[in-house]
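Place chains B, C and D with the ligands on chain A using the hints.
For the record, the sequence lines run as chains A, B, C and D.
Heads up: the first sequence at position 148 corresponds to 148 in this note's numbering, and the numbers run straight through without jumps.
Heads up: the second sequence at position 247 corresponds to 247 in this note's numbering, and the numbers run straight through without jumps.
Heads up: the third sequence at position 145 corresponds to 145 in this note's numbering, and the numbers run straight through without jumps.
Heads up: the fourth sequence at position 124 corresponds to 124 in this note's numbering, and the numbers run straight through without jumps.
Hints are computed from structural coordinates only; laboratory data are not their basis.
All figures in this text were calculated on a predicted structure; none of them were measured in a lab.
Mixed in with the good hints there might be a few duds.
Capping the alpha-carbon separation at 25 Å, the derived lysine to aspartate or glutamate pairs in DMTMM-like fashion look like this [to be verified]:
#1 B:K276 / D:E231
#2 D:K208 / D:D190
#3 C:K169 / D:E65
#4 A:K286 / A:D150
#5 B:K273 / D:D310
Derived Cβ-Cβ restraints for the label pairs, each shown as a range [what the hints assert, rightly or not]:
#6 B:A80 / A:L91: 55 to 65 Å
#7 A:A327 / D:G199: 48 to 58 Å
#8 A:A327 / D:L131: 46 to 56 Å
#9 C:T159 / D:G199: 21 to 31 Å
Glycine included, C-beta positions come from ideal geometry on N, C-alpha and C.
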Amino acid sequence: MKDGKIQVHYLTRVEGHGNIHVEIAGGELRSFRWEIPEAPRFFEAMVRGQSYADVAHITSRICGICSIGHTLCALQAVENALGVRPSEQTLLLRKLILHGETVQSHILHAGYLAAPDFLGAPSVVPLVESHREVVLTIIRLHRLANEWCDLIGGRTTHPINAVVNGWTSLPTEEQLSALRTRIEAGLADAWAIVEVFRLFSIPDFRRDTEYLALRHPDEYAFYEGDIASTDGGTTPVSDYRKKVIEFIVPYSTAKRARSDRRPSYAVGALARFNNNYEQLSPQARKAAEALGFRPVCTNPFMNTVAQVVEVVHALEDSLRLIDLLLARGLRREDRTVQVRAGHGVGAVEVPRGVLFHEYTLDERGLVVEANLVIPTGQNHQNIEDDMEALIPQVIERPQEEIRLLLEMLVRAYDPCISCSTHLLEVEFR
Amino acid sequence: MEDRKIVSGSLYLPRMAEVIQVERLTEKEKLFTLRLEKGQALGQHPGQFVEVSVLGIGEAPISVSSSPTRGGTFELCVRAIGDVTNALHRMKPGDWVGIRGPFGHGFPVEKMRGKDLLFAAGGLGLAPLRSLIQFVLDERESFGRVIVLYGARNPSELLFTEELTAWALRRDIEFHLTVDRGDATWTGHVGVITTLFPSVAVNPRSTVAVTCGPPVMYRFVLIELLAKGIPENQIYLSLERRMKCGVGKCGHCQINGVYCCQEGPVFLYAQIKGLKEAIG
Amino acid sequence: MKPRVAIFDFGCCEGCQLQIVNLEEEILDLLGPVEMVTWREAMSEHSDDFDIALVEGSITREEEVSRLQWIREQAKTLVALGACAHIGGINCLKNRFDLEEVRRAVYGEYAEWFDTAPTRPLEAVVRVDAVVPGCPVNRQELLEIIKALLLGKKPALPTYSVCVECKRKNNVCVFDKGLVCLGPIVRAGCGAVCPSFGNRCEGCRGLVPEPNLNSHRGVLAQYGLNLEEILHFVNLYGGCQAELASLQGREGGLR
Amino acid sequence: MPLWILPKGEVCTFLARLMADYEVIGPVAKDDAFVFASLRRPEDVRLDYPITLQSPKEFLFPPEETLLRFYLGQPPQVEAVHSDRRRILFGVHPCDINATWLLDLAFSQDTLDTPYMERRERTLIVGLDCLRPCDERSFCKSMGSLEVTGGYDLFLTDLGDSYGVEVGTETGNELLSRYALEARPASGEDVARLNRVLGEKWPRFTRKLNVEPEVLAQVLELTYDSPLWEELARKCLGCGSCNLVCPTCYCFDVQDRLKLNLQEGERLRRWDGCLLKDFTRVASGEVFREPRSARLRHRFYRKGKYLYEDYGRVGCVGCGRCVRACLVKIDPVEIFNALESSCRA
Ligand SMILES: Cc1cc2nc3c(=O)[nH]c(=O)nc-3n(C[C@H](O)[C@H](O)[C@H](O)COP(=O)(O)OP(=O)(O)OC[C@H]3O[C@@H](n4cnc5c(N)ncnc54)[C@H](O)[C@@H]3O)c2cc1C
Ligand code: SF4
Ligand code: SF4
Ligand code: SF4
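For reference, chain A alone in the conformation it holds in the complex (with noise of 0.2 Å):
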């Protein structure tokens, strides 16, 4: 392509609304943004003065997609604040729930979204025709994780019963055991996906940069640890602030980041994969294997694959985590906790990346003070960058390849743009 402008008005296929600007002239890369015009949604301004109690409702809906997330980092932040600490079988649930949910997204990222685009169709509809089999099996592996989180939260959207310090209801056995059996089976489906993804071309781009997620100790994390980089270290999440730095750019609704260190880093399943690969299941490392992939991985487009491997780990993980709530048995626990002012900040692994809730609480309990940082807003410089990258190197390429190409780029961020919006607008001057 030598001049001519790619325009992607209202990105398909992704959470949200994004627009790609592209400008060309004489085999040149002019300008080029990545805009989010979405609108914005106040959402730090929302829960001010709402109680603690009702923050965690309130900020599930920030986003459709990843509200378990949303909902466990704020009781987290909340908790903090209020200096509680859940009990053992709080947590065992949250993180079931948790892996729920980075199923249920994965899924409809990997295979709904992401796949029409390996192949070669312009969404999955005209794939229940053509690939009948796959389309099932990712069906299966939706419902599957939609239902286990029906079970666990109420709703696998915006669930219900997760309250501060605790669960306002409870799973019986049985209904566990069932889940277990069915997850069992999911890995089956899982596999599946990763014989699919074997045989996609993904396209070979790499470019040096920063990746961060939280880290444990004991566990590939997903519902707490510390901010570990792919450049060394690591960061408390109460330090949050001198690792993440937010800032505006004004073409753009949703709020940016960089890293202490570098001008733009990536969060999501890849930066998961890069930074904590050893803790991975032993069978997600097996499906990592058999996709020939390994740390670390600075090739963007990989991330969906990253995501399927996830797949495998949550849903086997999952399977210790019921032996482990059986093992105890269920009971209902005291929920009641000593409202207090406090600050509090909570991290969580959501699907797209590392999630900060945090607040501040007057005697009363009700939100003095609230900062969200989105794991899609994180995204939002680097996915700029790689643009910036990936560009030049396919410029000779026709217009309509490069504007796919760009379009598969920013999707395989699965970029949750609600969510990174829910802060402000910014009009074009």
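Just chains B, C and D with the ligands now, with coordinates in the frame of chain A:
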């Protein structure tokens, strides 16, 4: 173990009936001619109703508007007003509906024999009365005078216009028609139905009055009937309530303690006069 | 011809659209009687020619008004999908503040860049033919509404309270568990899902047609809520209802 | 019929044998309350329960049930749904036995309600006497329903270390001889003990109406226009909970549901309630009981008058479930008493 008596069949299972003919009467009403599966007779008494099913949409109580004296089919006159009735209006000959019933108490025709009959129908209220009127006309000699008062909101809402013309031409029926509001072509009487009463003289002792219409109508018609000296136990009303089962179980149609579907829909005024919920 | 369905979103979390994906195999059944023509979140295909528009989200910027009006003009049937579209939903929390102040307080030097308007549910802007309430919508109810449209039935919602469904499910009332609940004044249809999972109904489906707000306010006070807490509770999802009701000349909502 | 004695330690064995041949529905704990549920293990049964949230009505007349299934076509195929489960309702208290007796009448008089009767005829009832009021809300004695004169196959009375078992029907007798192998005929001493227990029971039930249930109809007749109805309506939330928990409420709504293929479907019925405004709404828009006060009055009239006139037994068994469920505590005892005293005034 002792074998208990086992109930079989089902109260809620409809019989299927085929739509034989559909005739548009007005913009909102159509007349359906139906025939039960295997040519069974419906066996209704004038004034009874059936529960009509459009499977997948629902069930609605509809009066049978044809007389049992008129052969193996029966007719329903239906106003399109909600889910079931609109679905009925979309039906064509050859389509099927479900029928339960006939249900309820109709008009006590035996008691009416030999009496003068005064019918007062408002709007769609003619639908249930028509079955009795047809019955009476088919056995004309066993009844006294037959007076029919019928009112509609405007000429385009008149039902059964051909039949009305026929009635008007018959010597053995005193037929009076009115509309609330006329139009350019209307040459007849204008005014609500009560304005027809002054022109009819009756012998109250030998007259049985029968009325059906929208809820607001009853109160005014009753005033006229009572003013004519017709005794309370010679006035019949056909009432309408929400119904789900048609057989006195679902509770919806209760008028105070009385089930409209079972003890009615045809009531003797003397019977419901004391019911505060009966007439608005 | 099959009805052509398009899905649109305004300010929201897009969780309601997700419930369509969450229909799983039933989506395939749905694709029998209808044709999906526009659904940005899931398809690259796109068409401006549609019969049924499912619209998610609330209006939170002036520029969205004309887009909604355009959708209204194209669509034979416009369905408000979810609490944000139906009653404004969680977005109404924004309306508690003076927007000027918020912009300045939160964004300081950038305040000038931001455009925002008070949250409005769709019905405050255009005519809405059917509603699927809830945050998020209940998948089965969504299907029932779509089926009703296909069958020419009224897309009717229950007019009774969440308590009715709660009792049908034999739940322990959460008032007996030390919580407070909006169930008695909120429209059923969700299967009382929150009380069924031990939590209070927060009113995401909006009020019943004739709520006895006064009496229920008394109940909440009796269970220890002060006026501010009552307002926060009733207006968690329903903060726009009072305004919408007065716009439509009826009673409803607490201010 | 003769009295039998079943040692308490043998109840689980009895249940286990029953469960091999029947679905046994008994009281079990749910959170801090009790509900009737299909027993999974005999030891889950809680015969010490005070009262359940819903009465066992839900197993005879479920909250939602399929009446018909159909497949559209020309002509459509329709079939009724039948149930053939053999069930035992185990541990049913006198109020609920009396309520069931009323439902039996309502669903069989004039026309048999086949779905109910099919279930009822395959259901056996093992009653369990109440030796003390379940809580301060109940007023069963006053409504004449602390006493049971029939309506059970077996009836248990707690005698401390054993249950006295009365046989109500021939089926009950067979049940006892086939499944309660450990039961023995009562001795004279057992009978004396039973009489002593019953003698102590009655005085414990003190909450009461100031009017005999049979006279309620007359009281109501005189108080149709009482200002009390308006007054209550200001409090009443209209939520319908009272209807939905009452063991003698049996009104229902019927709806069709089609599958997405728009070809197959079912017709189902669901519990409804006369307190709900749309209960009397007709297609033209009229609501025949428009003000809340009229709906509230209708409920009390049904309990105190209409059902009595139809079936010779008042429609309230005094279980107190409605007032327990009511957040503004609209209480039949208070209402009936207030009406009664307004009549005397
Ligand atoms: C005894 C009796 C005889 C009737 N005869 C006729 C007749 O001959 N012609 C005619 O057009 N209409 C008649 N109606 C009224 C007719 O039943 C209603 O218009 C019809 O039920 C509306 O149903 P729908 O599904 O179209 O409306 P919707 O509003 O969708 O009704 C939903 C449901 O509500 C109930 N319902 C609503 N309105 C009524 C009502 N008015 N009466 C009883 N139940 C109602 C029904 O169970 C119905 O299934 C009669 C009603 C009764 C009670
Ligand atoms: S929990 Fe809420 S919805 Fe359920 S009965 Fe109680 S008040 Fe009603
Ligand atoms: S119970 Fe209340 S808050 Fe929960 S889904 Fe239903 S209406 Fe919404
Ligand atoms: S009216 Fe109340 S006390 Fe009487 S039987 Fe019904 S629920 Fe029990």
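A quick look at each hint next to the structure:
no.: 1; hint: B:K276 / D:E231; result: holds (20 Å)
no.: 2; hint: D:K208 / D:D190; result: violated (31 Å)
no.: 3; hint: C:K169 / D:E65; result: holds (13 Å)
no.: 4; hint: A:K286 / A:D150; result: violated (30 Å)
no.: 5; hint: B:K273 / D:D310; result: holds (19 Å)
no.: 6; hint: B:A80 / A:L91: 55 to 65 Å; result: holds (60 Å)
no.: 7; hint: A:A327 / D:G199: 48 to 58 Å; result: holds (52 Å)
no.: 8; hint: A:A327 / D:L131: 46 to 56 Å; result: violated (41 Å)
no.: 9; hint: C:T159 / D:G199: 21 to 31 Å; result: violated (51 Å)
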